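S.K.: So that you can map any letter, position 194 of the sequence shown is 187 in the working numbering, and since no number is skipped, the others follow by simple counting.
I should point out that these hints are in silico values taken from the structure, not numbers from a laboratory.
Just so it is clear, the structure is predicted and the values come from calculations on it, not from any experiment.
Incorrect hints may have been included.
As the list claims (entries may be wrong) - Calculated cross-link-like contacts (lysine to any residue; reagent style SDA-like; alpha-carbon spacing at most 20 Å): (1) K60 x W80; (2) K367 x H443; (3) K368 x L417; (4) K60 x A41; (5) K299 x D246; (6) K429 x D489; (7) K479 x D433; (8) K429 x L399; (9) K217 x P300; (10) K367 x V437; (11) K429 x G478; (12) K367 x Q355; (13) K479 x H443; (14) K314 x E273; (15) K367 x G438; (16) K479 x N370; (17) K475 x D489; (18) K440 x R388; (19) K430 x D489; (20) K314 x E275; (21) K368 x S403; (22) K217 x L257; (23) K479 x E421; (24) K368 x D433; (25) K430 x P413; (26) K367 x S432; (27) K429 x A444; (28) K429 x L417; (29) K217 x T255; (30) K367 x G404; (31) K430 x L387; (32) K430 x R481; (33) K217 x G233; (34) K430 x G377; (35) K217 x D246; (36) K314 x A324.
Unchecked claim - Cβ pair distances, simulated, as ranges: (37) H326 x R394: 51 to 61 Å; (38) D230 x A419: 54 to 64 Å; (39) A236 x L42: 18 to 28 Å; (40) S445 x T340: 28 to 38 Å.
Each residue gets a CB set at the ideal place from its N, CA and C atoms; glycine is no exception.
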Amino acid sequence: MVTGKGALHRIVVWLNARFAPPHFENETDRLAAEALNTALWLGGALLALLIGWQVIIGGRTGNIAIKDELVGLGIVLLGHWLLLRGWLRWVGGITVSLGWLLMTGDILFRHGLLSPNLAAETIMVFVAGLLVNGRFALTLAALSIAVNAIAARAHLQGVLSYPPGDPDPLSRWFVVSIYIALAAFFVVVIRRYLDGSIRRSELSDHLYQALFRSTTEAVVLLDKEGRIHRINRRGADMLGYTAETLIGRSLTDLVTPRYRETLLRFLPRVLAGQDIPVYEIELLTREEAMIPVEVSTGVVLDGDLKPILVQNLLRDVSERKRTERTLRYHATHDRLTGLLNRAQFETSLNNAVERARREGTQLALLFIDLDDLKKINDEFGHAGGDELIRTAALRLAMSVRTGDVLARQSGDEFVVLLEPLHGLGAAETLGERILKKVSDPMEVGGKLLHASCSIGVSLFPQDAPDGPALMRAADLAMYAAKRAGKNRMHLFQQGDWERLGEAARGHLTREETDPKRQN
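Can you build the whole structure from these sequences, using the hints too?
M.R.: Put into structure tokens, the structure is as follows:
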């Protein structure tokens, strides 16, 4: 069953589909087309009602006079025909001109200044100014005043007559002329103001559109529900879609799950007019890749200063994130080998000592020094020495257990922290494995080279009460292994201090003041 309201809606939809004016890019033309289309529909409806009324009344009296109404309806239909073809300027000029001629003819040749079309003539001046331009309105106003003057003179000469008691024609002409002149004046002023406002609005819109299209940042306009209202090409390219396919989609669908709550939390705050700081989210591209972006938001207001859209400026910070990760990595890792550096290892060592002290467990520290690196640098140059260090670091990384902490201490020195330690045997086994791995032949400078290393081992809490002391004990044990012939491992003993004497103290002093260790 179709209700009256449903039928009316269908009629309106059908009429708009059939007779809606074409779209005009220029804002002034668009507004004029909408106003003219509305005026034509209203005028046509009123003329149809008048024709119907005249037919009913005339049918009773035998006097049907609808010529003027039929002509007016013809003008309306002509106007629609021109408008549907996009001839906006022709529509305004022809429709207003023909309507004015019809009404003026009634004034001039039939009813004189008693004609009800005097009011319509004044309205035509307004319509001419709004739909065409102010100059056309002034022209019609001048012509109307002249025609009405002719009608007044015709009455004075007896060509037209008025009922007794009516105002004299000249007084009527004077009053009507004042009204027409005022109509022309006001419509010109209004038109000039509207044109200026529209031009400023268009300029502002053109500037925004230019920025919207050319900016290197992604711009996304969201409606109140968080759906994409508009997105520029940069934003669509960033996500791997076309702009058309993104319109209407919720932005939360394009955000990684852990950042969706952030977006949903900020959107209502922006619409409420709150200042939102720049924040970060991660977007998902069409290929499911993640892009970190920095979001700057602002609210778009309508003519009543009510929020209608949220503008989001999305800045891809992938490069900055990579730089930050690189900087953080280099702050804690050795550039040559990729292992932890001295500073980060010392932090890990001190933390491990605190845990072991708190939990009553043991630690082992292996201090490893490559043997005879100076000879290799002399023979192969520093590039050869660096190649040896990189290869040795790789072999050390392959030797340690999962969970052990390996770091480069300085030029040819490495350290390994075993946490937790389940007996001295685990440290000895690792040391023997490292000695074997490092002594395997390796290629340096195109030649096979047999390298070796010396290892010192110290235990916590047996050999030292804290991290720095544990490091000194392992360093001293390594020095003892060097003194004993290199390519071997030595477990720290308290007697090493007395046995090595001044040589041990000199070694530790040199090592602690070595610039290569100051990192």
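S.K.: Confirm or reject each hint.
M.R.: Checked hints:
{"no.": "1", "hint": "K60 x W80", "result": "violated, 27 Å"}
{"no.": "2", "hint": "K367 x H443", "result": "holds, 14 Å"}
{"no.": "3", "hint": "K368 x L417", "result": "violated, 34 Å"}
{"no.": "4", "hint": "K60 x A41", "result": "holds, 12 Å"}
{"no.": "5", "hint": "K299 x D246", "result": "violated, 27 Å"}
{"no.": "6", "hint": "K429 x D489", "result": "violated, 25 Å"}
{"no.": "7", "hint": "K479 x D433", "result": "holds, 15 Å"}
{"no.": "8", "hint": "K429 x L399", "result": "holds, 17 Å"}
{"no.": "9", "hint": "K217 x P300", "result": "holds, 8 Å"}
{"no.": "10", "hint": "K367 x V437", "result": "holds, 14 Å"}
{"no.": "11", "hint": "K429 x G478", "result": "holds, 16 Å"}
{"no.": "12", "hint": "K367 x Q355", "result": "violated, 35 Å"}
{"no.": "13", "hint": "K479 x H443", "result": "holds, 13 Å"}
{"no.": "14", "hint": "K314 x E273", "result": "holds, 11 Å"}
{"no.": "15", "hint": "K367 x G438", "result": "holds, 15 Å"}
{"no.": "16", "hint": "K479 x N370", "result": "holds, 18 Å"}
{"no.": "17", "hint": "K475 x D489", "result": "holds, 13 Å"}
{"no.": "18", "hint": "K440 x R388", "result": "holds, 18 Å"}
{"no.": "19", "hint": "K430 x D489", "result": "violated, 27 Å"}
{"no.": "20", "hint": "K314 x E275", "result": "holds, 12 Å"}
{"no.": "21", "hint": "K368 x S403", "result": "holds, 17 Å"}
{"no.": "22", "hint": "K217 x L257", "result": "holds, 11 Å"}
{"no.": "23", "hint": "K479 x E421", "result": "holds, 16 Å"}
{"no.": "24", "hint": "K368 x D433", "result": "holds, 18 Å"}
{"no.": "25", "hint": "K430 x P413", "result": "violated, 23 Å"}
{"no.": "26", "hint": "K367 x S432", "result": "holds, 17 Å"}
{"no.": "27", "hint": "K429 x A444", "result": "holds, 10 Å"}
{"no.": "28", "hint": "K429 x L417", "result": "holds, 19 Å"}
{"no.": "29", "hint": "K217 x T255", "result": "holds, 16 Å"}
{"no.": "30", "hint": "K367 x G404", "result": "holds, 11 Å"}
{"no.": "31", "hint": "K430 x L387", "result": "holds, 10 Å"}
{"no.": "32", "hint": "K430 x R481", "result": "holds, 13 Å"}
{"no.": "33", "hint": "K217 x G233", "result": "violated, 24 Å"}
{"no.": "34", "hint": "K430 x G377", "result": "holds, 19 Å"}
{"no.": "35", "hint": "K217 x D246", "result": "holds, 16 Å"}
{"no.": "36", "hint": "K314 x A324", "result": "holds, 15 Å"}
{"no.": "37", "hint": "H326 x R394: 51 to 61 Å", "result": "violated, 20 Å"}
{"no.": "38", "hint": "D230 x A419: 54 to 64 Å", "result": "holds, 55 Å"}
{"no.": "39", "hint": "A236 x L42: 18 to 28 Å", "result": "violated, 47 Å"}
{"no.": "40", "hint": "S445 x T340: 28 to 38 Å", "result": "holds, 30 Å"}
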